Amino acid sequence: MIKTSQLQVQTRGNGQVVNITDPVAAIVADCGVRAGVITLFTVGSTAGLTTTEYEPGLANHDLKAAFERIAPEEGSYEHESTWHDDNGHSHVRASLLGPSLSVPFVEGCLTLGTWQQIVLVDFDTRARTRIVVCQIIGE
Amino acid sequence: MIKTSQLQVQTRGNGQVVNITDPVAAIVADCGVRAGVITLFTVGSTAGLTTTEYEPGLANHDLKAAFERIAPEEGSYEHESTWHDDNGHSHVRASLLGPSLSVPFVEGCLTLGTWQQIVLVDFDTRARTRIVVCQIIGE
Amino acid sequence: MIKTSQLQVQTRGNGQVVNITDPVAAIVADCGVRAGVITLFTVGSTAGLTTTEYEPGLANHDLKAAFERIAPEEGSYEHESTWHDDNGHSHVRASLLGPSLSVPFVEGCLTLGTWQQIVLVDFDTRARTRIVVCQIIGE
Numbered sequence: 022m023i024k025t026s027q028l029q030v031q032t033r034g035n036g037q038v039v040n041i042t043d044p045v046a047a048i049v050a051d052c053g054v055r056a057g058v059i060t061l062f063t064v065g066s067t068a069g070l071t072t073t074e075y076e077p078g079l080a081n082h083d084l085k086a087a088f089e090r091i092a093p094e095e096g097s098y099e100h101e102s103t104w105h106d107d108n109g110h111s112h113v114r115a116s117l118l119g120p121s122l123s124v125p126f127v128e129g130c131l132t133l134g135t136w137q138q139i140v141l142v143d144f145d146t147r148a149r150t151r152i153v154v155c156q157i158i159g160e
Numbered sequence: 022m023i024k025t026s027q028l029q030v031q032t033r034g035n036g037q038v039v040n041i042t043d044p045v046a047a048i049v050a051d052c053g054v055r056a057g058v059i060t061l062f063t064v065g066s067t068a069g070l071t072t073t074e075y076e077p078g079l080a081n082h083d084l085k086a087a088f089e090r091i092a093p094e095e096g097s098y099e100h101e102s103t104w105h106d107d108n109g110h111s112h113v114r115a116s117l118l119g120p121s122l123s124v125p126f127v128e129g130c131l132t133l134g135t136w137q138q139i140v141l142v143d144f145d146t147r148a149r150t151r152i153v154v155c156q157i158i159g160e
Numbered sequence: 022m023i024k025t026s027q028l029q030v031q032t033r034g035n036g037q038v039v040n041i042t043d044p045v046a047a048i049v050a051d052c053g054v055r056a057g058v059i060t061l062f063t064v065g066s067t068a069g070l071t072t073t074e075y076e077p078g079l080a081n082h083d084l085k086a087a088f089e090r091i092a093p094e095e096g097s098y099e100h101e102s103t104w105h106d107d108n109g110h111s112h113v114r115a116s117l118l119g120p121s122l123s124v125p126f127v128e129g130c131l132t133l134g135t136w137q138q139i140v141l142v143d144f145d146t147r148a149r150t151r152i153v154v155c156q157i158i159g160e
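Protein chains in written order, with this note's numbering: chain A, 22 to 160; chain B, 22 to 160; chain C, 22 to 160.
Just so you know, the hints here were simulated from the structure itself, not pulled from any lab data. Predicted, not measured: the structure shown is a model, and the values here were computed from it. Among the clues, some could well be false.
[Stated by the list, open to error] Pairs of lysine to any residue, SDA-like flavour, derived with a Cα cap of 20 Å:
1. K24/B <-> A50/B
2. K24/A <-> E128/A
3. K24/A <-> L131/B
4. K24/B <-> V54/C
[Said to hold, decoys possible] Cβ-Cβ distance ranges computed for the label pairs, FRET-style:
5. A47/A <-> E160/B: 21 to 31 Å
6. H105/C <-> A47/B: 50 to 60 Å
7. A47/B <-> A148/C: 21 to 31 Å
8. P77/A <-> Q31/B: 45 to 55 Å
9. A47/A <-> Q29/B: 39 to 49 Å
Backbone N, C-alpha and C fix where the C-beta goes; we use that ideal spot for every residue, glycine too.
Please work from the sequences and hints to get the whole structure.
This is the structure we're talking about:
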């Protein structure tokens, strides 16, 4: 059985880490499927998905610092000189983090750890409304 | 319903970013399955998969610069001293990017954004023929 | 058909790279499903999954060096000052590597390359017993 839905996620961009665990868990709990996998996919090329312990230190500071080492905001990007844009670092960070995440569930519950939340990281340089496709395959 | 196929992708290696969106979309369009997920998996340990806006600035310059920060080509690698090889950085980059990508599709279309393409990044130090396993699960 | 099991993996933490290919391959071989995908998901927010050529140079040195560039062990982390903890770098590294991996299998065999192994990387600062959820969807 396959059920596809989508989440709309409002973000402030600029590396904001948004905890989407509750709405994803609600989709799983309400789908009528006991066991399976939910595939999450963020539409667009300047955001990514992963898991983290969602607490202010990691979400607001430590993850950003790592991405700043990988692709500095004030660095020089061909993407920006070509398109007169300002989000070269956003694209690079999103490609590295990746757009998809697959989380198994059993007895209607995601198999997350206690301190492990599903997050969308929006690297774009402005506020965005993000679509996360949520597709359940199960039985 | 499960259908497994594979793509052969010719690359020049050395961090080449290859846009494989069209052949992946064709597999999805032709499979006779309306909704589901396509799991892509690159065989081998010196290439990875992700999505990006496929344009020359990002593909030919900006992504490479980030991977050069993470694992410099001219860095010192135990892999190279052990095996008298030259692709330590290729392995490290591929492990970080990851070999698998899961993309949902609905009504026969991948749920990609307009400026979001599926790419294989070949980090090896020579031209390669890559196999990407493409497995559809759907109904 | 969906079958969910789990692996227990003993680690020493501190970036240890553990080869879990054999137990994963055994789950696939024994499940009675010919073709499908195995979704692997590591429970907890200080470990991740990927593939690599599992040899001592990469596993014990080169991967660690790259993660040290991204999130230095001796760096300053808000997570640590908030929680009086010592594993800020572990969280950041785990989020970047990602907790999930999807590997197709055909005729009961994982579609891995010859020199491509499935690994769990435990970034925590102490020995851990890790749970990896292994969920097969196939026919």
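Against the structure, the hints:
1. At most 20 Å may separate the alpha-carbon atoms for a hinted pair to count; K24/B and A50/B meet this at roughly 13 Å.
2. For a cut-off of 20 Å, the pair hint linking K24/A to E128/A stands: about 17 Å separates their Cα positions.
3. With a CA separation close to 15 Å, the supplied pair K24/A and L131/B stays within the 20 Å bound.
4. In summary, the hint linking K24/B to V54/C is supported, as the alpha carbons are separated by about 14 Å, within the 20 Å threshold.
5. A beta carbon spacing of about 23 Å between A47/A and E160/B agrees with the range 21 to 31 Å that was offered as a hint.
6. At about 54 Å, the beta-carbon gap between H105/C and A47/B stays in the expected band of 50 to 60 Å.
7. About 48 Å separates the C-beta atoms of A47/B and A148/C, a value inconsistent with the hinted range of 21 to 31 Å.
8. Judged by the Cβ atoms, the range 45 to 55 Å given for P77/A and Q31/B holds: they are separated by roughly 47 Å.
9. Judged by the Cβ atoms, the range 39 to 49 Å given for A47/A and Q29/B holds: they are separated by roughly 42 Å.
Consistency note: the structure conflicts with earlier hint 7 alone.
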